[in-house]
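**Student:** Chains as they are written, first to last, in numbering that gives the first Met the number 0: chain A, 0 to 62; chain B, 0 to 140.
If you are wondering where the hints come from, they were derived from the structure by calculation, not from laboratory data.
Any given hint could be a false lead.
[As the list claims (entries may be wrong)] Subject to a maximum C-alpha distance of 20 Å in a straight line, what follows is the list of computed SDA-like cross-link-like pairs (lysine to any residue):
| id | chain 1 | residue 1 | chain 2 | residue 2 |
| --- | --- | --- | --- | --- |
| 1 | A | K41 | A | D19 |
| 2 | A | K47 | B | T120 |
| 3 | A | K6 | A | V51 |
| 4 | A | K28 | B | A16 |
| 5 | A | K6 | B | G74 |
| 6 | A | K6 | B | A16 |
| 7 | A | K41 | A | V12 |
[To be verified] Chain B side only, calculated, beta carbon under 10 Å to chain A, not exhaustive:
| id | residue |
| --- | --- |
| 8 | A1 |
| 9 | S2 |
| 10 | L9 |
| 11 | V58 |
| 12 | T76 |
| 13 | P78 |
| 14 | I92 |
| 15 | V107 |
| 16 | T120 |
| 17 | K123 |
| 18 | F127 |
| 19 | M129 |
| 20 | L135 |
| 21 | Y137 |
[Claimed, not checked] Here chain B is said to cover these stretches of chain A; the calculated rule only asks that three of the stretch's residues, wherever they fall, bring their Cβ under 8 Å from a Cβ of chain B:
| id | stretch |
| --- | --- |
| 22 | 4-11 |
| 23 | 14-26 |
| 24 | 32-42 |
| 25 | 47-53 |
Note that CB positions come from ideal geometry on N, CA and C, so glycine has one too.
Chain by chain, the residues:
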Amino acid sequence: MVKAGLKMEIEMVAWASNPDLTLEELEQKVRDSGNEVLEIDKEGNRIKIGYVRQPVLTMERPV
Amino acid sequence: MASIIVNNGLQRIGTQASQSTSGAGPTYNAARHIQTMSVDDSTVAFAAGDTALNTGGAVTNEYDAALTSAPVRSGQTHPHIMTIPTGSGNFTIRRIALHDDTAANVLVGSTTLVAGVDGQTLTKTSDFTMTITLNLLYTSV
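Between the sequences and the hints, there should be enough to build the whole structure, so can you do that?
**Tutor:** Okay, here's the thing in structure tokens:
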């Protein structure tokens, strides 16, 4: 029997922002450029347009 | 779409942690830590043997910059953050990568590639700034 011993992952998060635009204006610009709106962060005045989380390495060890 | 730490990147991470020397390839060097992030428009997937952005094929558009600040570790998570200003990187971003040299030394053909994410479609325009975080997470279970 084996059990995962070490897992390495990469997580990527991409945000669009522009302090000169309202969030609504920014959302329109983001959509007009063909990006997908994944999340709107009203407090941070930014829009998430990219997200990936994937394992890149899993090492197993006997138990 | 895939995420990968290339062989050279694994060697970099290991040699920095253990201060290893070797007859060839990355060896411990205090100056050669992950400090630059790049974006480019190549549709070629990263492979384990890649040492540079153009190992798998020519890269048309590329933008790189120093990390916005030194990574601040939280637990086993190491965050790397870059900011692309409105006037830069305005193309369809397909790949994001980490490099183990200064931004001045990172070119599409430089042997600096550590890790990357490919297969993305992020359209950067001059209408906004883009901030990208690439976390490396190490979990022992």
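**Student:** Could you tell me which of the hints above the structure violates, numbers in ascending order?
**Tutor:** 4, 11, 15
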